[in-house]
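Let the hints inform the model, and build the full structure from the sequences given.
There are 2 protein chains.
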Amino acid sequence: MTVTTTTVDAARTMLRPREDTRLPERMARSALTTDGAGLRTEDFTDWLEARRRAHAFRVGRIPFSDLEGWSFLESTGNLVHRSGRFFSVEGLHVTVGDGPIREWQQPIIKQPEVGILGILVKEFDGVLHFLMQAKMEPGNPNLLQLSPTVQATRSNYTKAHKGADVKYIDHFTQPGRRRILADSLQSEHGSWFLRKSNRNMIVEALGEVPLDDDFCWLTLGQIGELLRRDNVVNMDARTVLSCALAPEPGTDALHSDTELLSWFTAERARHDVSAERVPLRDIRGWKRGHGTIDHEAGRYFSVVAVAVEAGNREVARWTQPLFEPHGLGVTAFLTRRFGGVPHLLAHARVEGGFADTVELGPTVQYTPENYAHLTAAHRPPFLDAVLDADPSRIRYEAVHSEEGGRFLNAESRYLFLESDEQEAPLDPPPGYVWVTPEQFARLLRHNHYVNVQARTLLSCLTSQAVRL
Amino acid sequence: MTVTTTTVDAARTMLRPREDTRLPERMARSALTTDGAGLRTEDFTDWLEARRRAHAFRVGRIPFSDLEGWSFLESTGNLVHRSGRFFSVEGLHVTVGDGPIREWQQPIIKQPEVGILGILVKEFDGVLHFLMQAKMEPGNPNLLQLSPTVQATRSNYTKAHKGADVKYIDHFTQPGRRRILADSLQSEHGSWFLRKSNRNMIVEALGEVPLDDDFCWLTLGQIGELLRRDNVVNMDARTVLSCALAPEPGTDALHSDTELLSWFTAERARHDVSAERVPLRDIRGWKRGHGTIDHEAGRYFSVVAVAVEAGNREVARWTQPLFEPHGLGVTAFLTRRFGGVPHLLAHARVEGGFADTVELGPTVQYTPENYAHLTAAHRPPFLDAVLDADPSRIRYEAVHSEEGGRFLNAESRYLFLESDEQEAPLDPPPGYVWVTPEQFARLLRHNHYVNVQARTLLSCLTSQAVRL
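Quick mapping for you: the protein sequence lines, in order, are chains E and V.
Residues 218 to 685 (the numbering used here) are what the first sequence spells out, left to right.
Residues 218 to 685 (the numbering used here) are what the second sequence spells out, left to right.
Derived from the structure by calculation, the hints contain no laboratory data.
Don't take every hint at face value.
It does not matter which identical chain is meant; a pair holds if it fits inside one copy or across any two.
As the list claims (entries may be wrong) - Here are the computed lysine to aspartate or glutamate pairs in the EDC-like style, where the Cα-Cα straight-line distance is at most 16 Å:
{"id": "1", "residue 1": "339", "residue 2": "474"}
{"id": "2", "residue 1": "327", "residue 2": "493"}
{"id": "3", "residue 1": "327", "residue 2": "489"}
{"id": "4", "residue 1": "339", "residue 2": "425"}
{"id": "5", "residue 1": "339", "residue 2": "242"}
{"id": "6", "residue 1": "504", "residue 2": "236"}
{"id": "7", "residue 1": "384", "residue 2": "614"}
{"id": "8", "residue 1": "504", "residue 2": "541"}
{"id": "9", "residue 1": "339", "residue 2": "614"}
{"id": "10", "residue 1": "339", "residue 2": "605"}
{"id": "11", "residue 1": "384", "residue 2": "330"}
{"id": "12", "residue 1": "339", "residue 2": "421"}
Okay, structure coming up:
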């Protein structure tokens, strides 16, 4: 019994509060700090250019036959790597219960392993700073963007491709002097990935952290300034930053949390979505050429191949397939204040590759060209409100690109648009719901509520690139 | 602008608190009330017997060839209904990264549609009462058990089988005078169902509710008394009740919520689970006879067929397949107090049919016979601690059966066992974590954290059938 008593006494002192109530204030202070202890924002462009010069990056398109280690399987036509790892391009047959297009087939990226997207943070002068990396990804229009501290597939950090170690990875995979501030599985693009999710982690280092080449410490406020520029902060950084969203708790909302969760549950349950893998060779409506797989009407995206040469990447030269979307996307939240409290109009979107029917996306998330052939009745809701918006209503606008490791020049205009009752009614159409930033922050602690495009926009709130 | 101003004023009054802070107290009051305004607990057995007599139930085993509307498909050997609805029995090929058995094939129930399990509650004399139903399910060992108000597949309430209306369903599917207290998607048995989940709903009626035959109003405390009896409260009722778990908020815990979520995220990410559907005809290790599909070693479960005749069911006679597990399961939480706060030892369980690799299960969830052939080193952790437990440590014990609409005589002993450092250390082995009831309550607001067996045990906390 002595042992037990001692253990209980020890355990009593080991109990801890369930919530870190200081975190919202610490994040807010970092967001309000625009002169950090590390790199100055006005020096950022020069620093990034210096990193660009320090390495020789070259990316060129190649025919599929020049892919090294990749090939189309005899049996299925699927595009796979000989190691069986990394990812594969397969076919997907999707049926949905309603909407203008209820059945289609398409190429899809299958990458079942869960990667880590992680940002290491540390206090300097009492302010949280984020360790960001200048990282080349072959699909980025400008190749080099600001990425999280760590952006690693499991193949990366278990060295399936025999490359160099992933820097700082131990902070995310090993216990030690650290405090975990956020850690959840979040989906990636459901239109291009089959059930893909990554761990989104924010970890506070409690000891010394050496600063490596290609890395810099920035406050949230500095990152917010960079988020107002086109194509600087990469998708992986944006999604992790969204998980740091930490508004002051306690505000009321149009819907209680239980009502919001019930609405979401009903949306999940009411959609019949079936997504079955099919051989890539057999998919209807797509044709394979020497260097591209294209939709017959030229819509949506193409599958292409590139060769990459880079000095600071884990391996020095490689070839790989990429998805190249057609057209510039438009991705926007309509926002309103109700009773003084800002709300965002979210959309329960069906995407064929989601793990579970729907996730909350922005009000608008479309590539307008893909809908040009549809009749006015089938035109996506709210799209015209965004395309025709009075510039005075635009609270935020920047062009960002999606994951440059899988997507080539996948750019979208991201916007926050102040709205009114006529454009975005208090009682929105089915499938839409008003959500406060704080409610989004709660949802982001859990898996698969908020899609990656909405997370990009929410990262602008985290960093106060936009204030509602 | 007038319109806008009016709308904003209206909206201000429409804002509401995000949390219903009175709910835990209201649930606790119902749990402490053992004499309800409806049926008295001491009259319950007679009432249930009267309901049993009021209908003629007969369930008998039949060969597969006597199934009506069901057949094995030529192409795959899958067992399907001619309507394409209800469910089908198919094959599943599972591979997991570690454990004593890393690859297997098995029959699995595929039922993609999301059903509703819902309990209507209403205040009488200031105390919440739950509207429960005496419902026959062919697989229940005693046929008639206490079910939720509504237990309906989508086929049920959209009338795929042309039966009678589902009573009270409008309270769950239609807006009206009601308040939603809980509504989340929760998984069912991952070893027998492929990615099956149901909406678990608790809805408070704000208007009059007529009391139908086969239904009764009970307080949580009364249901707690019935949960201490064997095979009275059915699985569907138990899982919904677990979602009413509402301990007083604010207690500390061994792990902060962020740490707990991070631990869970790591468990989800570290398991490589692949579950692929295969034709039922081809599964290795199973053999199909005239009336059963059995595992070659006689382990796990059999697929069987039954004919059912019932008076109060939606249709009067039907035949269907059922899964019949072999042996009595043992399902238990080991519990300890740390610093005065009760904790349950949860296990991140891999089950082939889960939507996402692992969910939190009880400490122990096994059918001992299925493990008799394994060496001591592969004996499930904590199983012997439960089997050999000193009776004075047993805080709760009852036999409950799983969903009688799909499973035949699927019984398990459910236990809470008070434990100590030797049996269940403060620092448990990998895959196990200490969780407070309040943390479970938070997780149960979201999808797919807590498996159905753990939810049965948690329903005993909701109803104070056991106090820790």
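These are the hints, each one checked on the structure:
For the homomeric pair residue 339 and residue 474, neither the shortest alpha-carbon distance inside one copy (32 Å) nor that between copies (21 Å) is at most 16 Å. In this assembly of identical chains, residue 327 and residue 493 lie within 16 Å of each other by CA distance both inside one copy and across copies; the values are 12 Å within and 14 Å between. For the homomeric pair residue 327 and residue 489, the shortest alpha-carbon distance between copies (14 Å) is at most 16 Å, but the shortest distance inside one copy (22 Å) is not. Within a single copy, residue 339 and residue 425 get their C-alpha atoms as close as 9 Å, which meets the 16 Å cut-off; across copies the closest is 58 Å, which misses it.
With identical chains, the CA atoms of residue 339 and residue 242 are at most 16 Å apart within one copy only, with a shortest distance of 15 Å there and 41 Å across copies. When the C-alpha separation of residue 504 and residue 236 is checked against a cutoff of 16 Å, the pair qualifies neither within a copy, at 53 Å, nor between copies, at 53 Å. For the identical chains of this complex, residue 384 and residue 614 are neighbours neither inside a copy (33 Å) nor across copies (51 Å), given an alpha-carbon limit of 16 Å. Taking the closest pair of Cα atoms, residue 504 and residue 541 come within 16 Å of each other only inside a single copy of the chain (15 Å); across copies the shortest separation is 48 Å, beyond that limit.
For the homomeric pair residue 339 and residue 614, neither the shortest alpha-carbon distance inside one copy (30 Å) nor that between copies (49 Å) is at most 16 Å. Taking CA atoms no more than 16 Å apart as the test, residue 339 paired with residue 605 passes in neither setting, with 43 Å inside one copy and 49 Å between copies. Proximity of residue 384 and residue 330 under a CA criterion of 16 Å is satisfied in neither setting, with 20 Å inside one chain copy and 45 Å between copies. For the homomeric pair residue 339 and residue 421, the shortest alpha-carbon distance inside one copy (6 Å) is at most 16 Å, but the shortest distance between copies (47 Å) is not.
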